[in-house]
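Residue numbers (this note's numbering), protein chains in the order written: chain A, 7 to 621; chain B, 7 to 621.
Hints are computed from structural coordinates only; laboratory data are not their basis.
Since the model is a prediction, treat every value here as computed from it, not as a measurement.
Check before you lean on any hint, since a few could be wrong.
If several chains are the same, the list does not tell them apart, and a pair holds so long as it fits within one copy or across any two.
[To be verified] Restricting the straight-line Cα-Cα distance to at most 25 Å, the calculated cross-link-like pairs of lysine to any residue (SDA-like) are:
| id | residue 1 | residue 2 |
| --- | --- | --- |
| 1 | K243 | P354 |
| 2 | K583 | D539 |
| 3 | K287 | P354 |
| 4 | K284 | A60 |
| 5 | K86 | I344 |
2 protein chains.
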Amino acid sequence: MMIAKTQDRRHPAPARGLRGARPRISSPVHTAFRSGETRSKKPRTAPIATPKYAHVRIVPLGGLEEVGRNMMYLEYVDPKSANHGDIVVIDMGLQFPEDNMPGIDYIVPNIESLLPKREHIKGVVITHAHYDHIGAIPHLMPELGRNVPLYATDLTLAIIEKRQEDFHPPHSLNLNKISSDTVLKLGAFELSFFGVSHNVPASVGVVLRTPIGRFVHTGDFKLDVRSDIAGKLELEKIKELGRAGDIRVLMSDSTNARETGHQFSETDIQIEMEAIIKNAKGRLIIGTFASLLGRLNEIIQLAERHKKKVVIEGRSMRNNIEIARRLGYMKFDEKNIIRAEESSKYLPEKIIVLATGAQGEDRAALMRIANRQHRSLQIQPGDTVVFSSSVIPGNERSVQLLTDKLYREGAEVINYRMLDIHAGGHAKQEDLKLMIELVKPQFLMPIEGNHSFLKMHAKVGLRAGLKPEQIIIADNGQVVEASREQVALTKEYVPSSYVMVDGLGVGDVKEVVLRDRKMLSEDGIFVAIVIVDSETLKVRNSPDIISRGFVYLRESKELLQQARGIIRKAVEETAGKMSPVNWTYVKDMLRERLGEFLFSKTQRRPMVLPVIIEV
Amino acid sequence: MMIAKTQDRRHPAPARGLRGARPRISSPVHTAFRSGETRSKKPRTAPIATPKYAHVRIVPLGGLEEVGRNMMYLEYVDPKSANHGDIVVIDMGLQFPEDNMPGIDYIVPNIESLLPKREHIKGVVITHAHYDHIGAIPHLMPELGRNVPLYATDLTLAIIEKRQEDFHPPHSLNLNKISSDTVLKLGAFELSFFGVSHNVPASVGVVLRTPIGRFVHTGDFKLDVRSDIAGKLELEKIKELGRAGDIRVLMSDSTNARETGHQFSETDIQIEMEAIIKNAKGRLIIGTFASLLGRLNEIIQLAERHKKKVVIEGRSMRNNIEIARRLGYMKFDEKNIIRAEESSKYLPEKIIVLATGAQGEDRAALMRIANRQHRSLQIQPGDTVVFSSSVIPGNERSVQLLTDKLYREGAEVINYRMLDIHAGGHAKQEDLKLMIELVKPQFLMPIEGNHSFLKMHAKVGLRAGLKPEQIIIADNGQVVEASREQVALTKEYVPSSYVMVDGLGVGDVKEVVLRDRKMLSEDGIFVAIVIVDSETLKVRNSPDIISRGFVYLRESKELLQQARGIIRKAVEETAGKMSPVNWTYVKDMLRERLGEFLFSKTQRRPMVLPVIIEV
């Protein structure tokens, strides 16, 4: 397989860097740093020559080194064609911040390389309604301009629209409904779709026909031939792709490429859930994601079958269920859904509570119930809490904390460690292999996952009969070039660094701001305010000290007293030796001596900020 | 089973709160807050009456609501006896800080309740050499006084001694070597020991004989009847405990009480490891804990058998192996251990690197190797990296980051998801059941684990034939009273809140300091320095602003300019209306108005600190 950093020796490199490096674009969206990144800086090669042949540039902006912020665009290049430069964007997702990004709300893809080509964007296609595919829309669509059309299925569109309400000022989107049978002509690209099973209905994969061949983007998928409840798999269309041939590149979901075997069918999960629901001798409280609409649908149907009432706790979950019902993706008797306050009128075994917060989120429904902060629901002995979603890496501790709270309140807890009732919306290795065998692509490009997941997906590709040179593992931002002659990685990288969203700011939190936040969080801050008589150069009064997050001030009076002495001495000694006084130098000396003193006394390194005021 | 918060109705409560609440003790070790704790404040009941009968108070100071900071003491109470008040302490471990404790090094048990009883402490017994059992020794032993003897096996002692070197000034400990055959008379308590298998050699469980019966503390254990490499199980001694009878309470390890079935034998793990070592076609880099001495021993022996050289990377790992070799717990030909620099002289398949850092720790050997920051080791294609330890909750993201780096550098990675080669040092449910069946205790008290683990251990107890009233689930700090007549939870709680170690400070970081650190880490700090003419009450010059971690200052000039206007206006308007001026009020107004302004512009809430200087 071809590796990002080195050109495969068995296979000559194609002409590359077609458009080459561009000057940095000044835009409201800026680049930030790449978390934890230490490998050598990515090269930006100058253009070698403008190629003669038509080709497609595949530009992944996110989702190739993480789970999240999925976004890519395909650009058709043929100077002789009227469609030269046409672009189609696929997905626009967010990523949740990492541990070393305090205060950051989330991360969105970097669209710096797209901005100068705004006029060429023929459309943005969204594969399904999950945040790692739709979450960046409110932040990025306004940058791309009011006229760019956005295409998605009905359910996906409705959830995108609902989310826009949370943003002010509201930005109206150019929304266009498709079905899995729609054919779209977007400049050089003719798009068609195929339904996939995942864990939200109305999920689709995309086929992009171009003059140099066809490209397939699976979106998130599993191959569930037994259940349509969480997305209807159109297997015949997928088989037809392989039969018709000419699939240049298959871009396929790697989220579960680490897992061997086949993914569970929703039917299996339904059987497990039914056993739990049927046998529950008390209330059942099921924690899951608001976006797992397939799962929610199953539970509501099973509740109906077993004559139980359902309470829905969590605003986003209520919204999503309402949307899905309105669009016909969920069918249930509305009388079976009751409000939390009404639940006490029923026997406990007749109640199922669906709640958000299975990741241990502080303010979500499940934590409020466990904490006795919910206005009408509390855990009572006999309750069974089911975690019906796997734990997102990084959330293990909060889930454990929540579990302990639930046990303490007297609940039984069933989680994914005990029963296989977790999400399971992504293809595992044998499903990925089958997808390759059905689609018969000329090249495989694993997408959607950490680098190691892409590599494992590549191994599956080899087992499916592909040769190493038919597998392309790119990094975020790395341009892949596909022509009739060749499909290959280039050494051209467009900006793909993290763009962090913090409050109203998109991309304005730079590395230095985050570094300061981390430093502040570890040992706090120590501000020394010194008033100096500009004639005598003596410190007036006692220096003021403001400190937060460093030591408990009430019990540190002696330390502060000593620090005042150090401050006075450092300023008077340093300034006394100079004429004229270089106050910047005095401040530096003060910072250094004070920092050393504080470290020697506490082994902590607060951020020391000296303020010197001459009067 | 009996639950901490409510007295079991089926079983009458014994006389309780024997000694009752004591006045708070002033000491250098202070209490801090309990993370994430929201349940109602624990009660402290007044003493009811001094009981007539002899009894033992079991006081768990840590380890009953978490994995870590294991420590408890047993106190003999019989006013008629010369041994009245005698105390034995078991273990003195640390806990790693949680996500909401930035800057904290670790957490140690709260010994406030022990300090006034210092004179009565007959000894501190340490069960084995892991940090969650020994880690608080350097911080707490000095508080207990120079004369308190500490007892442990040779290997445990040597590791405790080595660790003391890291602390300055050094505090000499009163160290006393025991073997698993030692019998110790410590006041009212006669202690004997039994060897257990775990994952470090020389691990023991403790039997405490008292006038009112015997108490058994398992320490960490598994029941490995096939291998002695990670602690020699003395099964006959355990069986003899049950045969002789009169075991009032079995305090037993709950770390793996969530896991069904039996724990693996080290022999199984060895077979897996041997297959990997034998089949490795390139270098093998094995990441594990420095403290997993059993695992390290296995690998070094297997390397010898397969004629491979071993490189040991990581100071703590080298120290521990050297100690284990010196004491005869590891036997190997020293020529087989080579330095990293020498490894290039051998064929790759002849090299095994043992490295610390399998949890993705930033500065540990494995990360430095992956980052190309190691002076003589780099990943090369053909290397296989084995993660031979399970991931500690909270470290999943760093382990994923490390895995991605290793794949990127061209290594193959084998981790516990693929093969069962992880730690496995703790009894699983069937082992716990067997332990209960062998020891035949009158009461079971699950220890060492989160609350939910203790509850699952209790269920195992029921399966082992115990009645609910024979099972005691206590919280940290909750006193358990054991007499000839009864063993029961009381409502008496001694202080057990977190004591945080930060640099040289033990317990001096209070809740307010941590709250400030969190606030600083999320939105930074904004200091406004205003010089006011004390006569005109006008602001002189332009107010100074110092800000860190809030916005990127270079791109926020307009915001800062507007802020200066707000500051000037707030100060002059507020002060102008007062005579005399209440500067505290002016500061409050300034803080409020400035905070509102900054939030309206950014939706961030930096900590706003106003400084007003009158001249």
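Against the structure, the hints:
{"no.": "1", "hint": "K243 - P354", "verdict": "neither (46 Å within a copy, 49 Å between copies)"}
{"no.": "2", "hint": "K583 - D539", "verdict": "within (15 Å within a copy, 30 Å between copies)"}
{"no.": "3", "hint": "K287 - P354", "verdict": "within (8 Å within a copy, 60 Å between copies)"}
{"no.": "4", "hint": "K284 - A60", "verdict": "neither (61 Å within a copy, 51 Å between copies)"}
{"no.": "5", "hint": "K86 - I344", "verdict": "neither (63 Å within a copy, 64 Å between copies)"}
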